[in-house]
Amino acid sequence: MLQDEKAEDVTVLDLTGKTSIADHMIIASGRSARHVTAIADNIIVRLKEVDVDKVSVEGRQQADWILLDVGDVILHLFRPEIRAFYNLEKMWAVPLPENVSR
1 MLQDEKAEDV
11 TVLDLTGKTS
21 IADHMIIASG
31 RSARHVTAIA
41 DNIIVRLKEV
51 DVDKVSVEGR
61 QQADWILLDV
71 GDVILHLFRP
81 EIRAFYNLEK
91 MWAVPLPENV
101 SR
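Note that full-length UniProt numbering numbers the sequence shown so that position 65 is 65, with each residue one more than the last.
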């Protein structure tokens, strides 16, 4: 789906055992706020076509960072400079120390 929407730098993170919020996180970039919004809107339409109606959306109005929560999968869509600033890949890729509660 994301390739069809021309999303860039798509990364899939396996969150199994790291958090209870989701099993997978997908991170992708759009070239502009308009592109990020178009990606999100088209993904929502395609999810509805396959009977996925429960999609929570955050950040659509500003479109620097749009989050789509589909239950076990969370999709983050960023403008490139916002993605670089937050660097979610680094934050979630690092294993937590044994003594840190999840």
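Check before you lean on any hint, since a few could be wrong.
With beta-carbon atoms standing in for the labels, derived distance ranges [what the hints assert, rightly or not]:
#1 Leu-15 - Lys-54: 13 to 21 Å
#2 Val-45 - Lys-90: 14 to 22 Å
#3 Lys-90 - Asp-51: 14 to 22 Å
#4 Asp-53 - Ala-84: 18 to 26 Å
#5 Glu-81 - Asp-51: 15 to 23 Å
#6 Phe-85 - Asp-51: 31 to 39 Å
Below 25 Å or equal to it, Euclidean Cα-Cα: the simulated PhoX-like pairs (lysine-lysine) are [stated by the list, open to error]:
#7 Lys-18 - Lys-90
#8 Lys-48 - Lys-18
#9 Lys-48 - Lys-90
#10 Lys-48 - Lys-6
#11 Lys-6 - Lys-90
Because the hints were derived from the structure by calculation, they are not lab data. Each residue gets a CB set at the ideal place from its N, CA and C atoms; glycine is no exception.
Unmet hints by their number, sorted upward, for this structure: 2, 3, 4, 5, 8, 9
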